[in-house]
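Enquirer: Residue numbers (the working numbering), protein chains in the order written: chain A, 1 to 466; chain B, 1001 to 1465.
No wet-lab data here; the hints were simulated from the structure. Some hints could be false.
[Stated by the list, open to error] Derived DMTMM-like pairs (lysine to aspartate or glutamate); straight-line CA-CA distance at most 25 Å:
1) A:Lys-269 to A:Asp-286
2) B:Lys-1412 to A:Asp-87
3) B:Lys-1278 to A:Glu-117
4) A:Lys-456 to B:Glu-1374
5) A:Lys-326 to A:Asp-300
6) B:Lys-1387 to A:Asp-87
7) A:Lys-312 to A:Asp-300
8) A:Lys-269 to A:Asp-300
9) B:Lys-1379 to A:Asp-87
10) B:Lys-1323 to B:Glu-1410
11) B:Lys-1318 to B:Asp-1253
12) B:Lys-1272 to B:Glu-1240
13) A:Lys-225 to A:Glu-431
14) B:Lys-1387 to A:Glu-159
15) B:Lys-1369 to B:Glu-1388
16) A:Lys-459 to B:Glu-1231
17) A:Lys-459 to B:Asp-1234
18) B:Lys-1085 to A:Glu-117
19) A:Lys-398 to B:Glu-1370
20) B:Lys-1379 to A:Glu-159
21) B:Lys-1222 to B:Asp-1234
22) A:Lys-400 to B:Glu-1236
23) B:Lys-1350 to B:Glu-1374
24) B:Lys-1085 to A:Asp-87
25) B:Lys-1261 to B:Glu-1324
26) A:Lys-398 to B:Glu-1240
27) B:Lys-1323 to B:Glu-1240
28) B:Lys-1387 to A:Asp-70
29) A:Lys-430 to B:Glu-1217
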Amino acid sequence: MIEGHKIDETNFNPPLGVGGILLDERQKQVSVAGANERTIDCNKASVAGSVSQRACVFCGSRVVLYPISDALHLIHGPIGCAAYTWDIRGSLSSGPELHRLSFSTDLQERDVIFGGEKKLYQAALELINAHKPKAAFIYSTCIVGVIGDDVERACRMLEDETGIPVIAVEAPGFQGSKKDGYKVACESIFKLVGRVNNPIPAKSINILGDFNLAGELWILLEYYKKMGVHVNATITGDGRVEAISNAHNAALNVVQCSGSMNYLAKLMKDEYNIPSMRVSYFGIEDMSDALYDVARFFKDDDMMNKAREMVKEEISRMMPALAWYKERLTGKKAAIYVGGAFKAISLVKALRLIGVQTVIVGSQTGTPEDYELIKKLCDEGTIIVDDSNPVELSHFVKEKQADIFIGGVKERPIAHKIGLGFCDHNHERKEPLAGYEGMINFAKEIYATAMSPVWKFTKTTDPLTP
Amino acid sequence: MTTNILDKGNLVPLQGLGVDKGNFNSPLGVGGRLGGYVSTRNSCKLCAPLGASLVFKGIEGCVPLIHGSQGCATYIRRYMISHYKEPVDIASSNFSEESTIYGGSRNFITGINNIIKQYKPKVIGIASTCLSETIGEDIPGHIHNYKEENANTGAKLPTFIHASTPSYCGSHAEGFHNTVLATIKTLAEYENVRNEITILPGMVSPADIRYMKELLEDFGIKYTLFPDYSETLDNEYTAEYQLIPTGGTTVHDIQRIGNSKATIEFGASFNKSFTRLKDKSSVQTAGEWLESKYYIRNYQMPLPIGIEASDKFMEALKTISGKELPEHHRKERGRLVDAYIDAHKYVFGKKALLYGEEDFVTAMADWCKEIGVEPFYIKGADFETLKEKANEFQPDFLLGNSKGYYIARERKIPLVRVGFPIHDRFGANRMLHLGYRGTQELFDRVVNALIEYKQENSPIGYKYL
Ligand code: SF4
Ligand code: SF4
């Protein structure tokens, strides 16, 4: 079976003895911690003909804006782009659930020929009247620009007619990768910011880049509340148009997940002079830092003491459990392939905490700085990849003899086919993994993945096969 | 599968979503504006390259390539993986802004080169997307040029198959049938008539395909079944990552389809609603094409779900093979009749809300009527329309894929999961729908869902039926 992909090795120099499976164009996107000094070449468009794990600009903008639950999300284009993103994320809302409906202009051939702008206008108007959203996002997908629809104009007309913000999300898929879509989403959100001025307490923050998967945001809100920090806007988990429109009044932007929300923080810094800090809520260390850093920012001793107390309490509560897992998991090896590099970094640390060594780290949207950080953090010999594909991943995993694979829904069957445990750390997760509570869930999941008795059938050969 | 057909002059929905009154008596009035929305709200249909990819996965040694931007391929992979729980590699030519403006021939060539290098495929199946169709990509031309340029290199090139699949002309179901047609048109040859048949089952499950193969073998019929993704999308544990999973209909077998003495194709609407403005004539099915081109007798019939539909299919097999229904299949029919008798009361008079691909839904609707269940569906409707109409129809249960779950949940009624996609349960690959055996499975599941519903809603937890 492996035979099928032995590429002729003459014109092909694999950089790391990984068996000659990298496409020429891909060689610069792989690196080994401690082995070579090359900076990883990321931010590249995926190579034509490869099975990229990476999605399009539209996808990036859609996942970021999706959790804004009192806005209307209308996708202008043929049906697929909308159908595949219906209820795509497990982002919970404490109130309205308009975001969970998938609306599409479902362009037909005659629209492609005669233009779809009128249809868009009608569709949007009708939906706004029916659902009374607080704002509307109109996404343009690949063919919209090509057929010459002026979506901006339609949005202006709609805004005049309905009196709510109607924002054109220009996200044709071919204009880049998912990461470019994040930027488009940030710009779209930024168009809401500054529209209202509601009074809020002085020590208030915006939470950027948490999407409230499995209710994770609510765990964080609880922590910040205990510290006496007011949370103004949550962007975009459990997000609301009004709070986002008032986001410029907060004192600080706390940004999680390097990929998606940094750009919004930058825009808000430039325009409103709001400082920002990067945090991660995943794993004990990073979670605690996220709380301390905020207290430090406000130079508030009382806040800091409360944070310390809370952390102490949480840690003493969870340490015995974690020790139990660590004892059993030590020696296991993990491969990580996730969307954002920052998430990967937190995962490496969290795994270490329970005795699991990371042997492969990859992401779809990392920046050179992210990869440098990962290199420093990881043990020597760890393979680091940008925008990988199934062929590569399966090889790395075999070579490094990983026991567990942490990735998204598309990697699960690959892992399972080669007898590797799989842990879902993506948008569909149903158990919260953030915060202290999340760390225990994570340990549980890794344990269940690595320790299931079913692996005995994959490690040995089938006795009935001649 | 057009949801709302707009008159381009005044942008008023002309033709709403008509209840299909031909098939059954629905309590709803017919012909009114059912959906009444310009937009599609929670779409039931998916897009055409998904159907194409599924067909390509049913060809041995084939890698599908979606010619367009990468998002479409990634979404389609994700969607299929969540259903089949198997690796689904689909390559993309990854259009950039530049290719969108200047054409995608360079991406095409790089794409093909990279696939060949990485996968060494026997076949590359190329589907277009809305984008590549809109900018007028000439894929047959690209293939031609590629072959010319590589003619003297001595390298053996894979077989190329191309299906035109803009989603603004049809859904995944049409994409599927069109790709079956395109593949057969590209490959089928005629030498001499052989005592073999071709079976084109349509968009069915891997278990359905395995059942079909077993049945035909039991009949002693030599056949080619296409597309056969029963292994490629429902593989055993392999320990190694297979770049291209084993299984699938071989190119050689597809070539020999021209020699068949008969074709059996399942479906009701096929790709007939896939029309292009340039060409208003409805599209031929693969069976019809084989009949017109090679004079191969075409047995076109609904998917064999239910006793009557399965009987019709078995009759055809008897005629073709000159043999009687093999004994253990006859017994399956007998047991099914027996089960119908034992459980008829639990289903009689119940109302089912159906949705999914039209071929599938029409077959399911006929089956419902066969067991005394009143079926209801709206041709081409989206889920929100169905949800609204369900208030009037008051169904007792839903029969369809996972995506209607939210309606069942809201109404607190059971959903019996069938078809594609099943994203919220295990075992979609092993779900059998066809023949006496498949009907038995379906029947048991429907009956038990209704019994369970009644039991759970009863004030006393009884232990007998
Ligand atoms: S552009 Fe067309 S082919 Fe691509 S996902 Fe959308 S509907 Fe499907
Ligand atoms: S690449 Fe374009 S057409 Fe495809 S899913 Fe993304 S936006 Fe839609």
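Enquirer: Mind listing which of the numbered hints don't hold for this structure, in increasing order?
Expert: Hint check: 4, 5, 10, 12, 14, 18, 19, 20, 27 and 29 fail, others pass.
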